[in-house]
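Asks: If you want the building blocks of each chain, they are given just below.
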Amino acid sequence: GQQLNQSPQSMFIQEGEDVSMNCTSSSIFNTWLWYKQDPGEGPVLLIALYKAGELTSNGRLTAQFGITRKDSFLNISASIPSDVGIYFCAGSKNTDKLIFGTGTRLQVFP
Amino acid sequence: DAGITQSPRHKVTETGTPVTLRCHQTENHRYMYWYRQDPGHGLRLIHYSYGVKDTDKGEVSDGYSVSRSKTEDFLLTLESATSSQTSVYFCAISDVNEQFFGPGTRLTVL
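Protein chains in written order, with the numbering used here: chain R, 1 to 110; chain G, 1001 to 1110.
Don't take every hint at face value.
[To be verified] Result set (PhoX-like, lysine-lysine): computed pairs, CA atoms no more than 25 Å apart in a straight line:
1. K97(R) x K1070(G)
2. K1053(G) x K97(R)
3. K1057(G) x K93(R)
4. K97(R) x K51(R)
5. K36(R) x K97(R)
[Claimed, not checked] Output of the computed footprint for chain R on chain G, the stretches with three or more beta carbons under 8 Å from beta carbons of chain R:
6. 1042-1053
7. 1096-1106
Read the hints as simulated data drawn from the structure, not as lab findings. Please read these numbers as outputs of a predicted model, since none were measured by experiment. Here a beta-carbon is modelled for each residue, glycine too, at the ideal position from N, C-alpha and C.
Chain R on its own, in the form it takes in the complex (with noise of 0.2 Å):
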């Protein structure tokens, strides 16, 4: 089945640096969303995006849906060591499935 690429795969960075990680996908999507997973549980939602070009924060996350709607990226400004975990896009055609992103796996270092 179809997966979208998020890049990078993993990412190893000192507490306080800037994160940005990506996904994309070969079509496109009406909404982009953006989960984290800590072991052991289950997904959570960070952002929802439903319009193209359209910036939303939360706290020190921040995401867009691109331009082509292709798209998404998901930055995270002065890491913190609870920012660990596993990072997913998820995108939808049309209201009732998604399409995951492979996953970006986050660690912080003190």
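Given chain R, work out where chain G should sit, using these hints.
Replies: Chain G in isolation, oriented as in the chain R frame:
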């Protein structure tokens, strides 16, 4: 947090035995989903439901069946478990675009 529970949270079973996983929601959301998560594959949709008694297949539905007799409950059944079905299973719910995930069930088939 969305009111989603999954039971059991952990299960070990033997090849050939039937297994039923339960997802229960208290949000009265229309859509419910079952995913499996495996290393290297991310989240893959098994089956989903768009209403009571209304279900459809996802990308990895072989070997699985589902039932939804009430809005709040969505059951996933492995009729005859195989080792390839060892995985972490997540239930999700949604009303429109945003899906909210349960805590997961770790299933091991020996």
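Asks: Could you run down the list of hints and mark each one as holding or not?
Replies: Now the hints, each set against the structure:
no.: 1; hint: K97(R) x K1070(G); verdict: 21 Å, holds
no.: 2; hint: K1053(G) x K97(R); verdict: 18 Å, holds
no.: 3; hint: K1057(G) x K93(R); verdict: 17 Å, holds
no.: 4; hint: K97(R) x K51(R); verdict: 18 Å, holds
no.: 5; hint: K36(R) x K97(R); verdict: 18 Å, holds
no.: 6; hint: 1042-1053; verdict: holds (count 6)
no.: 7; hint: 1096-1106; verdict: holds (count 9)
Comparing the model with each numbered hint stated earlier shows that all of them hold.
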